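Protein chains: 2
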Amino acid sequence: MKNIFADRMYTVQRSFIREILKVTEDPSIISFAGGLPNPKSFPVDAVASAAAKVLRENGESALQYSTTEGYLPLREYIAKRYAGQGLKVDASEILITNGSQQGLDLIGKIFLNKGDMVAVERPTYLAAIQSFGMYEPVFRDVPLQDDGIDIKALDRILSGNRIKMFYSVPSFQNPTGITYSREKRKQVADVLKSHDTVFIEDNPYGDIRFMGEDLPPMKYFLENDTITMGTFSKTVSPGMRLGWLYASGDIMDKLTIAKQAADLHTSYFVQRVVYQYLVDNDVGQHIKMIKAMYKAQRDAMVSALERYFPEGVGYTKPEGGMFLWVTLPEGISSLDLFDMAIKQKVAFVPGQAFFVDGSGTNTLRLNYSNSDEAQIEEGIKRLGRAVKTLIAEKATVQISKIS
Amino acid sequence: MKNIFADRMYTVQRSFIREILKVTEDPSIISFAGGLPNPKSFPVDAVASAAAKVLRENGESALQYSTTEGYLPLREYIAKRYAGQGLKVDASEILITNGSQQGLDLIGKIFLNKGDMVAVERPTYLAAIQSFGMYEPVFRDVPLQDDGIDIKALDRILSGNRIKMFYSVPSFQNPTGITYSREKRKQVADVLKSHDTVFIEDNPYGDIRFMGEDLPPMKYFLENDTITMGTFSKTVSPGMRLGWLYASGDIMDKLTIAKQAADLHTSYFVQRVVYQYLVDNDVGQHIKMIKAMYKAQRDAMVSALERYFPEGVGYTKPEGGMFLWVTLPEGISSLDLFDMAIKQKVAFVPGQAFFVDGSGTNTLRLNYSNSDEAQIEEGIKRLGRAVKTLIAEKATVQISKIS
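Sequence order for the protein chains is A and B.
Using numbering that gives the first Met the number 0, the first residue of the first sequence is number 0, and each one after it goes up by one.
Using numbering that gives the first Met the number 0, the first residue of the second sequence is number 0, and each one after it goes up by one.
Simulated from the structure, these hints should not be mistaken for laboratory data.
Since the structure is predicted, the reported quantities are computational estimates derived from the model, not experimental observations.
Every clue listed holds true.
Which bits of chain B does chain A cover? Going by a derived footprint, with three or more residues having C-beta under 8 Å, they are:
1. 96 to 102
2. 127 to 139
3. 257 to 267
Even for Gly, the Cβ is constructed at its ideal location relative to N, Cα and C.
Please build the complete structure, drawing on both the sequences and the hints.
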């Protein structure tokens with residue numbers, strides 16, 4: 000059979016990151032490539048107790064079909080947490096999804112016709128490009144600055160085009176680790192208010208702030224026409240695949256229809272078990288433990304970068320989340336660095352994958368959440384050596400070109 | 000904001016069935032409307048043991064992210080079961096999904112451009128219309144006969160149009176309970192071989208045959224360009240949301256890309272727990288118990304229909320699965336019957352929802368898997384009374400029209 004697939008399948012590719020992850024499965028490699036939470040943080044025993052309790056007390060119900068919207072007490076729990084951040088929210092505004100990744104797919108599905116324009120950060124989360132990409136939009140990217148999106152560039156792009164939605168990770172962004180300041184959040188809300196653009200707030204890391212001032216989600220500054228995505232992947236377990244969408248009115252109605260067509264509902268067993276875990280345990284204490292763990296790992300990485308990386312290499316110093324972002328000198332390719340680093344048994348994700356136009360060739364993403372301090376010290380040392388070698392080689396090539 | 004949604008969202012509707020299910024949530028109603036397995040059949044204790052074991056022995060791993068394709072031992076288990084039915088199959092041909100419903104969405108996503116043609120049975124599974132409908136195809140329906148699809152009509156439709164895929168539920172179809180005979184399976188394979196059409200075999204009920212001769216899946220007769228969908232929803236638990244797609248080569252490659260973009264992977268915890276359940280228990284014995292339960296319920300329903308329904312009403316006598324199909328005399332509306340039946344505290348699904356052109360107004364679907372024999376006796380008795388009343392009313396109207 001020829002040309003049997005839909006047009007959309009000829010444009011999308013397998014995730015570059017997942018392909019890289021296969022290379023790095025070799026256990027002798029120190030990998031800063033993945034985006035995995037530290038499994039030592041998983042509340043295994045507490046989840047076991049929760050699962051046992053759910054099956055003992057409500058077994059038949061937990062194994063039966065359920066509603067598309069999700070388990071009501073879980074939705075109420077999520078709504079209550081947002082209320083604690085100053086938001087006016089009802090459980091009917093929460094839709095349970097299979098991790099926030101499914102939220103991306105459902106959002107793409109309800110909004111995007113082929114050729115519609117989507118604004119994203121520059122760089123942006125790779126899987127969002129993939130998910131939205133299935134609906135064949137045109138991407139427009141807006142540069143990120145140290146304190147969030149470039150407001151003037153955002154306003155210019157929204158004014159000059161019919162942008163259907165603006166996708167953003169305002170807190171501890173993947174890939175850069177950058178967080179929008181309070182001022183930036185207000186400015187973004189102001190800009191958005193004057194345009195017919197839906198704001199998509201992806202907030203998987205918001206709970207994992209280990210330094211600086213806690214900030215409310217963007218939804219707080221821009222209540223209408225904002226969809227906020229959340230997940231239990233970073234605070235309880237990613238393997239459960241449990242997230243949610245927070246939206247209202249017509250948008251929530253359409254999201255629910257799309258969810259129903261996509262898979263009827265998220266595993267009810269998983270919803271019940273995670274809910275039981277949440278109500279039976281001191282989750283605040285658990286998240287505190289994760290923060291302490293990641294802060295130590297982040298500090299180890301920043302410290303190692305200071306010691307082992309040469310002048311002229313820039314990097315972010317995130318206040319939360321799981322990633323930091325390195326910018327090599329112009330003309331130094333992170334793909335070349337990757338090849339060199341793999342030989343020295345250390346891995347990362349070349350930054351290019353996070354740019355919708357394939358630029359960013361001198362950038363890379365480092366994950367610190369899934370390596371211990373000793374691995375970070377050793378891995379960054381090796382990587383620093385590789386960076387220095389690459390810069391030296393480049394200089395030699397340039398000198399030989401001149402002479 | 001105006002017109003913010005994608006075109007597809009202006010054509011799809013919430014599932015009529017799910018709306019009906021809301022009406023029938025009243026516990027005093029005897030409901031033949033849903034498509035729920037009998038929760039008494041759920042292996043609650045065995046699942047509890049499996050969950051405890053997984054978390055005790057592989058807790059951190061079971062709660063971590065995993066591969067898009069699914070847990071390899073589970074895929075091997077599924078492949079081995081197909082091998083037992085005479086199929087040449089490798090675990091790499093199995094992709095784990097969130098129930099088979101997600102399989103429908105992924106299939107729609109990889110194949111369908113707007114306006115592409117999809118052949119379906121007449122009547123067909125409602126959720127397939129919904130899922131595929133998201134990709135805006137044009138449906139062509141092919142009549143079902145007692146032993147499966149109308150072969151001549153199928154050949155005519157495939158010859159006269161560029162049909163991208165033919166979607167079928169060959170065993171104990173939802174909604175009719177009809178099963179393709181061995182001869183029909185061969186004939187369908189022959190017809191398909193001479194056309195550029197992908198065959199989509201949805202087989203959620205295949206394991207639940209309680210009468211007649213076991214038949215191999217369609218994939219056995221038509222190996223290439225067939226995608227077979229399976230699920231643990233009817234044999235273990237629907238609330239888990241665990242199913243799979245069985246396909247090869249390029250098609251599997253594209254399905255995997257679509258799955259990755261949709262939600263990264265199906266709950267790894269669920270996959271591990273269900274796999275543990277499958278290997279630690281006598282699943283054959285468990286399915287035998289389900290079959291015996293559903294056969295008794297099916298027999299009770301057929302027997303009650305014989306006793307309480309008037310002449311001129313037809314119904315199928317399924318050899319497996321969860322549904323049977325009733326055809327009222329021409330001109331008798333099952334929507335009118337629904338209104339009347341609800342007043343008598345009995346519910347079903349009017350058949351119209353299962354026709355892509357909104358016909359079938361004199362048909363209805365009855366579910367027997369989720370009612371016990373006493374409820375079936377009483378429910379069908381009430382329904383028979385309502386049918387008789389409706390036919391009598393209709394006759395009176397006609398007489399008064401004549402006179």
